[in-house]
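Take the sequences, apply the hints, and build the full model.
Number of protein chains: 2
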Amino acid sequence: MTEPSGGRLGDMALGKDYAGQDCNLARALELVGERWTLLVIRDALYGVRRFGDFQAHLDIPRAVLTERLQHLVAAGVLEKRRYQDSPPRHEYVLTDIGEALWPVVFTLGEWAKQHLPRAQTHRIYRHTVCGTELDAMATCPTCGYAVPPRDVEMTPGRDTARADHVSQALNRPRRLLQPVTD
Amino acid sequence: MTEPSGGRLGDMALGKDYAGQDCNLARALELVGERWTLLVIRDALYGVRRFGDFQAHLDIPRAVLTERLQHLVAAGVLEKRRYQDSPPRHEYVLTDIGEALWPVVFTLGEWAKQHLPRAQTHRIYRHTVCGTELDAMATCPTCGYAVPPRDVEMTPGRDTARADHVSQALNRPRRLLQPVTD
Numbered sequence: 001m002t003e004p005s006g007g008r009l010g011d012m013a014l015g016k017d018y019a020g021q022d023c024n025l026a027r028a029l030e031l032v033g034e035r036w037t038l039l040v041i042r043d044a045l046y047g048v049r050r051f052g053d054f055q056a057h058l059d060i061p062r063a064v065l066t067e068r069l070q071h072l073v074a075a076g077v078l079e080k081r082r083y084q085d086s087p088p089r090h091e092y093v094l095t096d097i098g099e100a101l102w103p104v105v106f107t108l109g110e111w112a113k114q115h116l117p118r119a120q121t122h123r124i125y126r127h128t129v130c131g132t133e134l135d136a137m138a139t140c141p142t143c144g145y146a147v148p149p150r151d152v153e154m155t156p157g158r159d160t161a162r163a164d165h166v167s168q169a170l171n172r173p174r175r176l177l178q179p180v181t182d
Numbered sequence: 183m184t185e186p187s188g189g190r191l192g193d194m195a196l197g198k199d200y201a202g203q204d205c206n207l208a209r210a211l212e213l214v215g216e217r218w219t220l221l222v223i224r225d226a227l228y229g230v231r232r233f234g235d236f237q238a239h240l241d242i243p244r245a246v247l248t249e250r251l252q253h254l255v256a257a258g259v260l261e262k263r264r265y266q267d268s269p270p271r272h273e274y275v276l277t278d279i280g281e282a283l284w285p286v287v288f289t290l291g292e293w294a295k296q297h298l299p300r301a302q303t304h305r306i307y308r309h310t311v312c313g314t315e316l317d318a319m320a321t322c323p324t325c326g327y328a329v330p331p332r333d334v335e336m337t338p339g340r341d342t343a344r345a346d347h348v349s350q351a352l353n354r355p356r357r358l359l360q361p362v363t364d
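Chains A and B, in that order, are what the protein sequence lines are. Under my numbering, think of the first position of the first sequence as 1, with each following residue one higher. Under my numbering, think of the first position of the second sequence as 183, with each following residue one higher.
These are calculated hints, taken from the structure and not from any lab test. Treat the hints with care, since some could be wrong.
To be verified - These stretches of chain A come out as covered by chain B in the derived footprint (C-beta under 8 Å, 3 or more residues):
no., region
1, 99-112
2, 124-133
Unchecked claim - Distance ranges between label pairs, derived from CB positions:
no., chain 1, residue 1, chain 2, residue 2, range
3, A, Ala136, B, Asp204, 14 to 22 Å
4, B, Pro243, A, Ala136, 28 to 36 Å
5, B, Thr337, A, Pro87, 40 to 48 Å
6, B, Pro243, A, Asp22, 14 to 22 Å
7, B, Gly313, A, Pro87, 22 to 30 Å
The structure presented is a predicted model; accordingly, all values stated were derived computationally and were not measured. Every residue gets a Cβ at the ideal spot worked out from N, C-alpha and C, and that includes glycine.
Structure below.
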């Protein structure tokens, strides 16, 4: 799975693996550290499942999205499921392994919200069981445990400037993992 | 801060920013999503502070490491401090903003340990106050709160194969953020 070296400074160390780094974090980054990959996983947590929906929301070239989805399917983070036979159409659904990335996506977003100047107070995440806003560790302060994504309701903090249909769907309160396109 | 596009598939979308992505996670990835950057932050959490120590442990070209450190200093994640005047020498120390990335680094490493086939049961992290092993959310099950890195003791699960002096220092139990080189 190594790629040819490009001319960017960031690629001087060749490819996308970290062969010399004897560390779980390095193994994780070989998979989710590629450009766009964590945003694909974020979208899957938001309920995006179909190629066209990922593309509309991420606004990236088809070839990049295709490669990222294939890589995540091969790693067992996404499952490719046929939802229509004629013509054949597939969707990409998070596996349990993929859903387990929720704390990573959440804590990184919260870190940006708290500490980066260009970040926005944007979406609000609440525990559906009790309505309490999650703390910075994706834990419910009322119930005292880490909340899995299917028990999280997301409310947009303000309207997005984006006009694509996925952005518009995400402008309304919704439960995580609930499919954006039915 | 945009870079010229290279030939890699991953770079087809040009540069390292996610200008169209109206999202805190995208802002975070513009900073910590660059190749090697989260491993630099991991090392800083382990107590690595000096250029030569980062280089020995990460084994990356000087130009890449220089660029990553400069970017993190400019963003307020690392502080550059002079520790010797003649000749002038500097070290790179995590700021509060940088230390706040600990849950991200930890949850991503734990995810890999639990879910990726090539990951190893490697380092063990314990709360120094009570000796309890942290759970997957970097929380102490005994004390019931998220443990900051300066209250975490790291124990190697097995010896690393790496021979550099930083790897050897990390083969002994140590508190996070405690400088590797004194």
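Verification of the supplied hints:
Given as covered by chain B, the region 99-112 of chain A passes the check, having 11 residues with a CB less than 8 Å from a CB of that chain where 3 are the minimum. With 0 residues having a Cβ less than 8 Å from any Cβ of chain B, the region 124-133 of chain A misses the three-residue criterion, and the hint is violated. At roughly 21 Å, the beta-carbon separation of Ala136 (chain A) and Asp204 (chain B) lies within the given 14 to 22 Å, and the hint holds. Remark: the range hint 28 to 36 Å for Pro243 (chain B) to Ala136 (chain A) is upheld by a beta-carbon distance near 35 Å.
A beta carbon spacing of about 55 Å between Thr337 (chain B) and Pro87 (chain A) contradicts the range 40 to 48 Å that was offered as a hint. At roughly 20 Å, the beta-carbon separation of Pro243 (chain B) and Asp22 (chain A) lies within the given 14 to 22 Å, and the hint holds. Checking the proposed 22 to 30 Å range against Gly313 (chain B) and Pro87 (chain A) shows it is violated: the Cβ atoms sit about 60 Å from each other.
In this structure, the hints that do not hold are numbers 2, 5, 7, in rising order.
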